[in-house]
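**Q** With the sequences and hints as input, model every part of the structure.
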Amino acid sequence: MTDAAHYLPEGLPAPALAEPELEAPYWEGAREERLLVQRCGACATWQWGPEWICHKCLSSDMRWTEVAPRGRIYSYERVWHPAHPVLKGHTPFLAVLVELPEAGNVRMIGNLLGDPLQDVQIGSEVVADYEHHNDATPPYTLVHWRIAQG
Amino acid sequence: MRGRTAIVGIGASTFHKRGTSPDSEFKLTLKAVLAAAEDAGIDPHKIDGFASFNFDRTDPSRMAAALGIDELRFANLFWGGGGGGAAAVANAAAAVIAGLASCVVVYRGIVQGPDGRYGDGRTIGAYGRDAAYLAPYGLMTPIQWYTMRVVRFMHEHGIARDALRAISMASYHHAQANPRAVMHGRPLTEQAYEESRWIVEPHHLFDCCMENDCAAAVIVMSAEAAKDLKQKPAYILGAAQGSEYRNQARVHNAPRYGSASFSSVGPRLFAEAGVTPADVDVAQTYENFTGGVLMSLIEHGFCAPEEANDFFKLENLIAPSGRLPLNTSGGNLAEAYVHGMGHILEGVRQIRGTSTSQVPGASIAFVGSGPMVSPVSDLLLGNGNTL
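Here the protein sequences line up with chains A and B, keeping their order.
According to my numbering, the stretch in the first sequence is residues 1 to 150, in order.
According to my numbering, the stretch in the second sequence is residues 1 to 387, in order.
No lab work stands behind these hints: they were computed from the structure.
Each hint can be trusted.
Going by beta-carbon spacing under 8 angstroms, a handful of chain A positions derived as facing chain B:
#, residue
1, Trp48
2, His55
3, Tyr74
4, Val79
5, Pro85
6, Ala95
7, Ile109
8, Asn111
No residue lacks a Cβ here, since even glycine has one placed at the ideal position from N, Cα and C.
**A** So, in structure tokens, the structure goes:
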């Protein structure tokens, strides 16, 4: 997608990194259209969102691993009420929670591209779509999802 | 814990629509505390402890000074949001049992002013922490965070949207009997519910709590001290707080996702109190949104998930004759949004026999605080026959 084709209007809050040392690799990966999640170097557990240690074995050897940008819809919602001024006149929109079977079923929040009134089925296969915000300071990229074809 | 303490007094301010209170948050809270002391028949100077939750802005030391209490011995704040009302009462009870204090007031006051509305996203340039992974996708408020859990739960168990409507209509039904309720005189029909606007599907407008300027307080003392006071004691039979394994794993990665967070807390509550869900006569369950109530009651064992479509019908949820009369004051949806404190007051009224929608002979009342958040908390209240 280009800057001119953002799913939600300009002016929504940008992501801020509360713990840059922990979180930056994911956002840098998204800039390069690579989907990164954490995997434990000690016990191979997948983990998302970013955390300093593995919740299973408590190792601090968390490694960023590129995963296939494919998943399936675990849950979703259609948002009608504009909870932020810039959303007025831009609802409804769809948000999805996507699980990544190839990465231990970790889940990510994104928007589901396409008709906001489309019928959404839990379990549908989806693929990632990168939305670049090049004019933001600093620039960032959001990971959206669209229904996989065929 | 069982039966060793009791709620001996309850008090509330007038319930105002959001943004319309003529009084400050502190003054409303003070009024609620004084009303609770009056209700109990105790001298406010004898209060010696305070407990609250969700970063309540009323400082207990200022309260102690304003009330001229003899000595402040206990001041306690529970983490989290709406999940803390029952826990604040439990913390007060624990302090009394441990001998840290003898007369503890639990309070919560809300006047929405300079800090903005709960229902709006904050208009700041960037969101950090978990919000960094949610807000840029338009998810900025509680209903947008939590509806995702409700949708998953309803999908897993095949629960129809009618269950949510029944929960909402039960609250509005009870509010019509309660002159204090903000929605008193504004009955809700099925048609009006269905025609109301969507907030976040499957939640309509009437599935969402109100926002109000209001305050409430309850006073906790030992069971022994309670015997000599004005009101019939509402004994604390059990209390539990917490949440299940990794409930708040970052960015919606809780293993048990379709959950109100009570799957481990509920069983601990009933085990401690020595009662079962079938013994409960009336339930007061915090509603941020009706979907949370649905999940909460199922996780507490009031009905099995596969029974939900039959259980969550209006006739089952209303006093005096329903299987489990629910939110009999109108609750957060239709009485006032006192952040769940209204539910505790109403649980006490049911035990006293003074509710405007009284369940005949009610001896055990369930109070649940804060579905879907973490930590959450519960109380079971009982009358003298339950000890």
